[in-house]
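Chains as they are written, first to last, in numbering that gives the first Met the number 0: chain A, 0 to 358; chain E, 0 to 358; chain R, 0 to 358; chain B, 0 to 358.
Check the hints yourself; a few may be wrong.
As the list makes no split between identical chains, a pair holds if one copy fits it or if it spans any two.
What the hints assert, rightly or not - In the SDA-like style, the derived pairs of lysine to any residue whose C-alpha atoms are separated by at most 20 Å in a straight line are:
#1 Lys66 x Gln324
#2 Lys69 x Leu260
#3 Lys69 x Asp79
#4 Lys69 x Ser225
#5 Lys66 x Glu53
#6 Lys69 x Leu59
#7 Lys69 x Gly226
#8 Lys66 x Leu25
#9 Lys66 x Ala77
#10 Lys66 x Arg35
#11 Lys66 x Ala137
#12 Lys66 x Asp79
Worth flagging that the hints you see were computed from the coordinates, not collected in a lab.
Here is what each chain is made of, one letter per residue.
There are 4 protein chains.
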Amino acid sequence: MLVVMQSHSTPEQIDRVLAAIRQMGLTPHPMPGATRTAIGITGNTAAIDPRTLEVLPGVLELIRVTKPYKLASREMHADDTVIRLPQGTFGQRHFTIIAGPCSVEDESMIVRTAEWLMARGVRFLRAGAFKPRTSPYAFQGLGLDGLEILRRARERTGIGIVTELMDTESASAVEEVADVIQIGARNMQNFSLLRRAARAPRPILLKRGMAATLEEWLMSAEYLLSGGNRDVILCERGVRTFSDHSRNTLDLSVIPPAKALSHLPILVDPSHGTGRRDYVGPMALAALAAGADGLLIEVHPDPDHALSDGAQSLDFDRFERLLAQLESLAGPLRRVVPSPAGNLPSLTSPESGRCTDRH
Amino acid sequence: MLVVMQSHSTPEQIDRVLAAIRQMGLTPHPMPGATRTAIGITGNTAAIDPRTLEVLPGVLELIRVTKPYKLASREMHADDTVIRLPQGTFGQRHFTIIAGPCSVEDESMIVRTAEWLMARGVRFLRAGAFKPRTSPYAFQGLGLDGLEILRRARERTGIGIVTELMDTESASAVEEVADVIQIGARNMQNFSLLRRAARAPRPILLKRGMAATLEEWLMSAEYLLSGGNRDVILCERGVRTFSDHSRNTLDLSVIPPAKALSHLPILVDPSHGTGRRDYVGPMALAALAAGADGLLIEVHPDPDHALSDGAQSLDFDRFERLLAQLESLAGPLRRVVPSPAGNLPSLTSPESGRCTDRH
Amino acid sequence: MLVVMQSHSTPEQIDRVLAAIRQMGLTPHPMPGATRTAIGITGNTAAIDPRTLEVLPGVLELIRVTKPYKLASREMHADDTVIRLPQGTFGQRHFTIIAGPCSVEDESMIVRTAEWLMARGVRFLRAGAFKPRTSPYAFQGLGLDGLEILRRARERTGIGIVTELMDTESASAVEEVADVIQIGARNMQNFSLLRRAARAPRPILLKRGMAATLEEWLMSAEYLLSGGNRDVILCERGVRTFSDHSRNTLDLSVIPPAKALSHLPILVDPSHGTGRRDYVGPMALAALAAGADGLLIEVHPDPDHALSDGAQSLDFDRFERLLAQLESLAGPLRRVVPSPAGNLPSLTSPESGRCTDRH
Amino acid sequence: MLVVMQSHSTPEQIDRVLAAIRQMGLTPHPMPGATRTAIGITGNTAAIDPRTLEVLPGVLELIRVTKPYKLASREMHADDTVIRLPQGTFGQRHFTIIAGPCSVEDESMIVRTAEWLMARGVRFLRAGAFKPRTSPYAFQGLGLDGLEILRRARERTGIGIVTELMDTESASAVEEVADVIQIGARNMQNFSLLRRAARAPRPILLKRGMAATLEEWLMSAEYLLSGGNRDVILCERGVRTFSDHSRNTLDLSVIPPAKALSHLPILVDPSHGTGRRDYVGPMALAALAAGADGLLIEVHPDPDHALSDGAQSLDFDRFERLLAQLESLAGPLRRVVPSPAGNLPSLTSPESGRCTDRH
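Hey, can you work out the whole structure from these sequences and the hints?
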């Protein structure tokens, strides 16, 4: 941490700041300069509120240096986190795809989708049983009935289930069915929910909040990690800006710094990010090229009659074409994408990084 | 709702859109123009996802007309909502102030603050027992012990308690102690929490999310209203923008449109909005001038040693000066602010609007 | 400036950074800490690009400390700048109003507006002869004919003219007519224009760019100040955010930090800031309460038939009511607003600050 | 255009709106609905200010339907614009790269860079002679001397020159040297400059403003197109948001809608978009995958000693690796990237679209 004094600050003001720092149990390092004095602070600064020093007389500003997250940081954990599930792997050279409808509508469409996906080598199904909706009058999901449908689809096809957890009440029910639990963008800073999810015996897919900085996002991951759940997958899904040409502004530029600052795998959701099926394909390809570890993508057998988000869902034909395009780029980018070969993709080279063998 | 066709759209494309609209049980109104056709839609359009039509061939864009909120709208409810509690009133010509520390630290500071506030005529105390914190390592509040402290402060001084509800587990405990329940900005779209709060027998102070549009904010109010709780107070607390001169960008400009579109009272939180105590006073005065119905403001007996948010808290001296300034502006603006007279402020003219006499 | 090393940085990496700093002619101050080393830098750091150090191996980040503006800063110039013109004063306790139509439409409406304003004590007329318009097909202003109309209005009524300068070609013509030259938001970083305006013998009203930070805004003021023009008036007019309830997001919260960091007077334009005449009044009152030094406001004899921006213009009746409201708040806020007394407002106490007597 | 009336609007209010529309020479189409009336408007609505109707009594809101740009729109011009220059082509299946240092520093580094680029098949050099800088104290470019250096590099190597035009004064000098004239982000709405550039006999590279919507960007293109210059190349370079992990937020998601709404080629500048050389490569690959028509990218022989923007510049080695990666993706994406073969890339299939053969 660094305190920058005003150019006209008096020796008394500087002394008061030095004393305040010592009173916090920290060590001040005054650096007199040509026009002003700056004071470095060493010690455990995580516990203090930097703005307390900022309002002392003579202080121009206070600059935080240490990143507040630890377990999520690359500095503490140099190797990539790799999360292995029976259906597939998140991290390393895998480009893993989670596809399916926005919400569980009925059993036949879920099973049909799951079978179609498995046949193409896509081994994770996304579908919401509990749906966060802006309007209280909109379809809110089938709830427990939806979970039951997902459970049966899993039994019949072996597909991995990714579904959203909206509250602590339904946590046990969700973690029984889900192979990966999704925390939605609106709940990224629902800390009670994060604390509960930290105790779930399942990997967590943590979507970025609509106005979350990378640091805040990693801090929410830190809630999960410090609560005992080491299997966290980040998911960029678009942020809110002035731009009005798409539903949200899909921030692919967060991928390189997220990879530099953290060891966690990161997926991209081009469906919510753009809000229009015509724009999903190019953004999915761009996510792969930018270094993402996979996609969360809306696919629906009949998007024009979907109960929610049909406009941003791909039908099977479009999705199949996209899979082919992804495959054509994966080789040059040294990534492995799902293929209909029926076998799980495997990497010939030995994998590095922490690996969790689930189930 | 209005469908705008592309200028080169074919009659067949137009017919397909007309059919799709009829299939939804709605009535299309084609309007051929010089360069293109637009199609008005009447009927109950709330249930459909507009983007479904938007991706049909030949459609340029789809424009929603009806506001999706009803109970929160001025159109449905022309008169201002007025919420009367024994300690004071929200709405109409009252400018009601809720003051206190960010978090409950111990009983003596809470009681001392409550007594000081009551002596100045400020009859609502804010203080968090449960604190949403970005970092898992930061002070998370005293929890149930904090609630107990608030309960005792209420008993000893008669002050009204405003405190945050973070999850459904603690809802019963919070609603027993609180006179007004606060929903924080990060939980504005925690719909499970909103549904629970809708059943609480207490008014809800609903803070605006950091990236929430006015419409989304009113939709979250609609969750509360449609769930049975008619006593909703809005609270602007700063939104997230590129601006870096303050902690958030306090959006006072939302007040006139919120008043035009909705009947709900609206407060302003200049403490979180600015993040620095030097800026709190001017923004509090500006909130009064802009038409807000009151303030939620951080006041602490000893801000330099506060456990959280000390930098944005006023000490008693500064707050007393601010109260005097607010009072000097209230007269010209025809507003009633808290005064140390000991009596509740009362208005001589008969009040209009829906009034809820609580307790 | 402060270089923060990664926690695993090697002594060699630290040495390379120290050498790079010395090679720039600056002095490094290494501060070894528990988990990492930080390196303070003193000397003239204005000339270097901080990001050059940031990409050296082992560097986590580089933090700039010194503010890059000097002449615009409160640190270099403690007293408020006060700009005195025959028609009125900007700065100190004056709340000065510049009113008029968006654009010069014809002579009679300009003269009629000028006479009406002067009769109410508003002694500055705003009206654009050159208009920056998003669309090439929109009315672009009367150009030199518009300037001539403004010149005649000035002669007939004595009112001060505030009009926009859009390019260097028209600079001589504009500075001949204008008492205050306006630089529009879209040109805030048109550095060629700023360099020309710095040589104009007139005060400059510098509007904030739609996405400008406070620092960038003050840097643009620095172009004017360092180029020789000491009479710079800032003008907040709304910034671009995700918010869609008004045309722009009027950022009143910039006023306190602008006053803290700079000595320049600051006006507010509630017309462009909101885009709707219903919202202009509350925001104008809030600007006064927040500490602004005046208003730039659109007033039109017949807004419903204005050639541009009619929807955000007040008619004379509304404006007169607003003036009365402003006056009722000015006393408690210890501000002087224009009054129809016919005399220039004067302050009984001796004024401090740098004063420029123009003309 | 569509006027939406409030649900309680009276027949008289509706009649007044109908009359106002007719008075503008337009045709109103009233659509009575269950809860309110909407009024469609046909005719030439481009000239009117929609907000004029919006403030009439009983009007809830006014919704614009027609896009305000024409010549830039895909609707008016279905085929892609293709711009052919002797050094290369913008548009169609070409992925064209413009590379070089931020600013012209001296002749040897420019010639060295140009020779190196030509040897790799990159046939456009970017370098600023006139530099827009936030600070008046920063290096402002070599000016006319810089142009002369560029002219000589062009003569010696045959490379195409892309350089920025900052003001009308230097327009003749710039257009003599440049093969493509760049308009910078800060000048995207400098309409005097756009009008001048519209008359230049050179293609214009129009960077997106930091807070420009896609519509505003296309409107600025419309200034160029309607002024007579049909050769406009768009360039996305990052927009301003709350995100702080990179210098700007590179908005790759603008590419699909820009391609859908307009026929103009679009490049991406990953250097300004990210501000850090580590992030440039992934974003360049993502731009190609997202459908961009090329790159504007900073390459410098010795980035650590660059006079400006060194931290975001690639050195030759890094750039060479990036070129190889781009080439490996180009095939699957059916794009042609520059190759060191010495021949201009050519396409075997006949090209569609308007083609301009320059020189």
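Going down the list of hints, with the structure as the test:
With identical chains, the CA atoms of Lys66 and Gln324 are never at most 20 Å apart, being 39 Å at best within one copy and 33 Å at best between copies. When the C-alpha separation of Lys69 and Leu260 is checked against a cutoff of 20 Å, the pair qualifies only within one copy, where the shortest distance is 10 Å, while the shortest distance between copies is 35 Å. For a Cα distance limit of 20 Å, the shortest separation of Lys69 from Asp79 inside one copy, 15 Å, qualifies, whereas the shortest one across copies, 45 Å, does not. In the homo-oligomer, the alpha carbons of Lys69 and Ser225 lie at most 20 Å apart inside one protomer (9 Å), although the nearest pairing across protomers, at 43 Å, exceeds that limit.
For the homomeric pair Lys66 and Glu53, the shortest alpha-carbon distances inside one copy (18 Å) and between copies (16 Å) are both at most 20 Å. Taking the closest pair of Cα atoms, Lys69 and Leu59 come within 20 Å of each other only across two copies (14 Å); inside a single copy the shortest separation is 28 Å, beyond that limit. For a Cα distance limit of 20 Å, the shortest separation of Lys69 from Gly226 inside one copy, 13 Å, qualifies, whereas the shortest one across copies, 41 Å, does not. Proximity of Lys66 to Leu25 under the C-alpha cut-off of 20 Å is restricted to the intra-copy arrangement: shortest distance 17 Å within a copy versus 27 Å between copies.
Within a single copy, Lys66 and Ala77 get their C-alpha atoms as close as 15 Å, which meets the 20 Å cut-off; across copies the closest is 35 Å, which misses it. Within a single copy, Lys66 and Arg35 get their C-alpha atoms only as close as 26 Å, which misses the 20 Å cut-off; across copies the closest is 11 Å, which meets it. Taking the closest pair of Cα atoms, Lys66 and Ala137 come within 20 Å of each other only across two copies (14 Å); inside a single copy the shortest separation is 40 Å, beyond that limit. Only within a single protomer do Lys66 and Asp79 lie at most 20 Å apart by alpha-carbon distance; the minimum there is 19 Å, versus 38 Å between protomers.
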